[in-house]
Amino acid sequence: MTAALTRTSAAAAVDVWKVYGETEHTRVEALAGVSVEFERGRFTAIMGPSGSGKSTLMHVLAGLDTATEGEVWIGDTRIDTLGERATTKLRRQKLGFVFQQYNLLPTLTAAENITLPLAIGGDKPDPDWLAFVVDSVGLGDRLGHRPSELSGGQQQRVAFARALITKPDVIFADEPTGNLDSRSGSEVLELLQRSVDEFEQTVVMVTHDPKAASYADRVIFLADGRVVGEVSEPTPETVLERMKRLDGRRLEAPPIRR
Amino acid sequence: MMLFADHWHGGPWWGLWLAWVVLFWGAVFFLIFRIGRRRGPWGPWREERSGQSVLAERYARGEISEEEYRQRLSVLDAAANRPRNENTR
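Sequences listed follow chains A and B, in order. Residue numbering for the first sequence follows this note's numbering, starting at 1 and increasing by one per position. Residue numbering for the second sequence follows this note's numbering, starting at 1 and increasing by one per position.
Don't read these hints as lab results, they were simulated from the structure. Ideal placement from N, C-alpha and C gives every residue a C-beta, glycine not left out. Just so you know, not all the hints are guaranteed correct.
As the list claims (entries may be wrong) - Quick list of simulated restraints, FRET-style, between CB atoms:
#: 1; chain 1: A; residue 1: 33; chain 2: B; residue 2: 74; range: 36 to 42 angstroms
#: 2; chain 1: A; residue 1: 22; chain 2: B; residue 2: 74; range: 25 to 31 angstroms
#: 3; chain 1: B; residue 1: 70; chain 2: A; residue 2: 22; range: 55 to 61 angstroms
#: 4; chain 1: B; residue 1: 23; chain 2: A; residue 2: 89; range: 35 to 41 angstroms
To be verified - Example chain B residues on the side facing chain A (calculated, C-beta under 8 angstroms, incomplete):
#: 5; residue: 54
#: 6; residue: 57
#: 7; residue: 60
#: 8; residue: 61
#: 9; residue: 62
#: 10; residue: 63
#: 11; residue: 66
Taking the hints into account, I'd like the entire structure generated from these sequences.
Here you go:
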């Protein structure tokens, strides 16, 4: 695995372990040897039941959490060996985030929230790009509103625009539709999809919802900290069917702890 | 008396005065520079500052929620108010 290979993927994990607890009795393997690559310009969903390690995997990939063992790559940079300062810088330059709770600043307007990452970096927004991003979230005259005056779906679209504004290499989305009704959720997912189709944004989304996962180009299934399968060009039906099979398998054969 | 005053107008005393002025302004500019950059070459003050600004940036970028931001900020504040040798693990 360490043989010199040029990394063409946007993000990758190579035999990544995340282990909590020291003794045999307290040992919990949140990730147990996960190897996965995320191609550029693609929308990949990570699916699995709660406790499968999908959020942990996303956090490790994004440098928000550290792996116990294994390699983590963002583009051609290996991030598990970087220091905290360098990781922070890399996140600022190359990654965007969308979380279930939107995490918008309540005292700022939608427009201010969107441009804040640029202001922090000391950059002026490219007016064309800003116009495009703002237009694509479809907020129109509500841009001057505070988050509390916007619906959940609108807030999440603002959060996505904020992630998009710095032109990140990868956008990580953790259950972005978890708090939304199905119509608002669809709007957010369509926006994610459009960013991939129209300007080759790379998106990695964690979800437990088969319908949300069906918007992706590819779905990776996680169970008990392991990659247990994947589906390309998913539909809600194929995802659901695969989920059921995995549940069945888990009941028959409990995972082997090492 | 006249001899003494003459020393102020030239000679070694003037040189000393010049050195003092240069040192004084050097110190002022150094301090302004240090505060402006929000980080100096030493001291715990620098670490706390950068810890808080990193946290603020992560909050602004949506990496952490408001609740998480407040929690972590209070942890940093608590650590800053403790003697230095205690907060190094």
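Q: Classify the hint on residue 66 of chain B as holds or violated, based on whether any CB of chain A lies nearer than 8 angstroms to its CB.
A: For residue 66 of chain B, the interface hint holds, since the closest Cβ of chain A sits about 7 angstroms away, which is under 8 angstroms.
Q) If you take the shortest Cβ to Cβ gap from residue 54 of chain B to chain A, is it below 8 angstroms? A) 6 angstroms, holds
Q: Tell me if residue 57 of chain B is really an interface residue toward chain A, meaning its C-beta lies closer than 8 angstroms to one of theirs.
A: Status holds, d = 5 angstroms.
Q) Has the hinted range 55 to 61 angstroms been met by the Cβ atoms of residue 70 of chain B and residue 22 of chain A? A) 31 angstroms, violated
Q) Can the suggested window of 36 to 42 angstroms be confirmed for the beta-carbon pair residue 33 of chain A and residue 74 of chain B? A) 37 angstroms, holds
Q.
Given residue 63 of chain B as an interface hint, is its Cβ closer than 8 angstroms to any Cβ of chain A?
A. 5 angstroms, holds
Q. Minimum Cβ distance from residue 61 of chain B to chain A below 8 angstroms?
A. 5 angstroms, holds
Q) Holds or violated: is there a CB of chain A closer than 8 angstroms to the CB of residue 60 of chain B? A) 5 angstroms, holds
Q) Is 25 to 31 angstroms right for how far apart the beta carbons of residue 22 of chain A and residue 74 of chain B are? A) Holds, at about 28 angstroms.
Q) Are residue 23 of chain B and residue 89 of chain A spaced within 35 to 41 angstroms by their CB atoms? A) Roughly 36 angstroms apart at Cβ, these two residues keep to the hinted range, so it holds.
Q. At a threshold of 8 angstroms, is the proposed contact between residue 62 of chain B and chain A supported by beta-carbon distances?
A. The hint holds - residue 62 of chain B has a Cβ within 8 angstroms of chain A, the shortest such distance being about 4 angstroms.
The earlier numbered hint that this structure contradicts is number 3, and it is the only one.
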